[in-house]
Amino acid sequence: MKSSSGTGFSAQDATASKRVPETLPPRPLCAGLLESLSLLYERLKPVPRFALLFALTSAAFAQNTPLPTGEAVLDRFVEATGGKDAYLKHTSEIQTGTLDYPALGVKAPVTRYSAPPDQYLLSMEMPGVGKVDTGVSNGIAWSNSAIAGPRVLEGQEKALALREAKFNGVVNWRQTIAKAENKGIEPVDGDDCYRIVLTPKEGREETRYFSVKSGLLVKASTIAATQVGDIPVEMRYTGYKQFNGVLFPVTVTQVAAGQEFSVTIQNIENDKPIPAEKFALPADIKALLNKPK
Amino acid sequence: MRVVALTLLAILAQAQQIPQERQLNLDSFEKVWITIRDKHWQKDPAGLDWQKIHDEYRPQAEKAKTIDETRVVIRAMLGRLKETHFAILPSRVYTNVEESSAGSGSTGIELRILDGEAIVVSVDPHSSAEELGVKAGWKIQNAKGENIADAIKSVSNLTELMATRAIANNLSGPIGSSIKATFLDGAGKSQERALDLREPRGRLTTFGNLPPTYVWVDSRHIQNTGYIRFNEFLDLVRVMNTFSDLIKSCEHCDGLIIDLRGNPGGIGGMAMGMAGFLIDKPNQRLGTTYLRDATLNFVINPRPNQFSGPVAILVDSSSASTSEIFAGGLKDLGRARIFGTRTAAAALPSVIERLPNGDGFQYAIANYISEGGKALEGLGVEPDETVKLTRESLLAGHDAVLDAALNWIQKKGNQKQ
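In order, the protein sequence lines correspond to chains A and B.
Quick note on numbering: the first sequence equals residues 0 to 292 in numbering that gives the first Met the number 0.
Quick note on numbering: the second sequence equals residues 0 to 416 in numbering that gives the first Met the number 0.
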């Protein structure tokens, strides 16, 4: 054999004979995870923003006042991250960051373009995998990569993508969320948090944890709809930092299907013109849409 | 005096490192144990009392004096799972590209163990073996001074894939060196060759924590049949683009042959991506992966451009992992006919993490069931047509497996007419 590399075998196999090469380079699969990386990243999209006013922050608030409604907690989050005006003055957004998947040793630059009302493109260049794009253009949610090819999203996946693509969705949450219920206070890493269960107008329930003290989002969990199946996902939001008047969590760490990913934002540019081509449907997606059923 | 002082300092420094290294080794043992406890797809991994396993091996890990001894203990613990894709990879595997390539010299010979003999099944173009006239069908008698018949006997307890790799190790070494090997040719004459070890065929590719790997892809038309073979499911963009180009060029082909013999797998998602060129119906899948808290379907994405003719997949006992997922799934869906011999039966999805002591730890994160409802792990993919390579046919210049696939495609074409 010209190559001794292979699948990777159990320690039992590898030590069964001294004649076996000491190292049996493995071939990881992790296929579903890789395939759905881009979809999972949509859930990592930092939603919180900057807080200039922490008017309602104190432990006493939690202990001595009645439990605020879920709606009030969401509105407070908008204030805590910069306020409605800070969000609404922006006309476009370009986030640049890095996706880190330590279990596979993969790091990938990520760029996310968004513009009103729901134009959206997330582009990753993964070493060894190539370009992985997901986007929403004129109500069509799609993904495209060398590994999986072009795909038009449907059902729950589409609902999630459209919701995430809403520009200023944080401020205009009432457009997409039907119900927000405050289920009580729970600690997250020692920080008391309101546990808010969100029921979207379309799509699955999501639970978000907002710090009682700061009003900031610190954790979220949901069952993410992906092409490969429903995946329980938990996200942690840390390192809030101001970008152009709005507070963002610099790092969002996600655990999905037992694997940990993180996205760290390096920069956010606002109000820079984004060429229309960025949001145009790729030719492969158009070909799929035009394919006879 | 200065030399003595430096020596003493060196000894002291070394002495100080020992407790630190020991702790790193113990931390590595714990990390492996905890990872299995928390991430194995079964809460009781392989039906074992995992805490009991910890209590059994922890004292041995504490006694281990070196990283090598620690590795032996961890491997023994992992061995209790009796599952593939659990391995400890010494840290030197993760060296840089230059160092890695320096240790992976190739003679260009691809071998298989056929009827208990190590037989050359193919010779790479431009390799030293080709230049020195080594032919398919030659029996390898001796390499690196070792009697190959004895070597084969000593690995008889291993799986075919493992045994083949172990024997192939006798034909590898650092690039730039050479090895002496003796062959029995087609006329029954002994042939000795001094084979240079050169850079292996293909392009050196890296992906995440994986060791750098040479990947090659061979795509062409044989008569009016598309043919593709690639040695690993890696170098994703190049391999997928080559596959896509072949599909485009095969609009009027009689059939398509995907040769996965010797392919040990790679990125599992590529199996789904390639299947998308062959399956037109949406929501089909190759199989299902079961993790502890999620079920992932290997869903096939129908591509805009498709090949709808007969598909043959060639496999052997060295086809593993992603190769098995691809072949097994398409067989189960009735989309491909499988030719060759049973696959390696090693198809668990896995990832690799670095341990505190620098070693790599590969662990399976899920169980995999093919679309037909069977686990590939331990069973492999059974061909629709079992065709074995023989020394005689190889010497006659035939690839019996490829010939069988071509015949089938031709018959399908005739039936259509």
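Hints are computed from structural coordinates only; laboratory data are not their basis.
Just so it is clear, CB atoms sit at the ideal spot from N, CA and C, and this is done for glycine as well.
A couple of the hints might just be wrong.
Claimed, not checked - The calculated lysine-lysine pairs, modelled on DSSO-like cross-linking and capped at a C-alpha distance of 27 Å, are:
1. A:Lys165 - A:Lys271
2. A:Lys182 - A:Lys212
3. B:Lys42 - B:Lys64
4. A:Lys290 - B:Lys51
5. A:Lys285 - B:Lys143
6. A:Lys277 - A:Lys88
7. A:Lys106 - B:Lys415
8. B:Lys415 - A:Lys290
9. A:Lys130 - B:Lys51
10. B:Lys38 - A:Lys285
11. A:Lys130 - B:Lys415
12. A:Lys106 - B:Lys51
13. B:Lys280 - A:Lys157
14. A:Lys290 - B:Lys30
Said to hold, decoys possible - Across the chosen pairs, the derived CB separations fall in these ranges:
15. B:Glu250 - A:Gly154: 28 to 36 Å
16. A:Glu201 - B:Asp26: 42 to 50 Å
17. A:Gly154 - B:Tyr289: 21 to 29 Å
18. A:Ala282 - B:Glu391: 45 to 53 Å
19. B:Asp43 - A:Ala275: 49 to 57 Å
20. B:Lys387 - A:Ala275: 55 to 63 Å
21. B:Lys42 - A:Asp188: 20 to 28 Å
22. B:Asp43 - A:Ala282: 45 to 53 Å
As the list claims (entries may be wrong) - To spell it out: a stretch of chain A is covered by chain B in this simulated footprint if at least three of its residues, at any positions, have a beta carbon under 8 Å from a beta carbon of chain B; those stretches are:
23. 98-106
24. 154-162
Discussion item. Hint compliance check: list the failing hint numbers for this structure, sorted ascending.
Written reply: 3, 4, 5, 7, 9, 10, 11, 12, 14, 24
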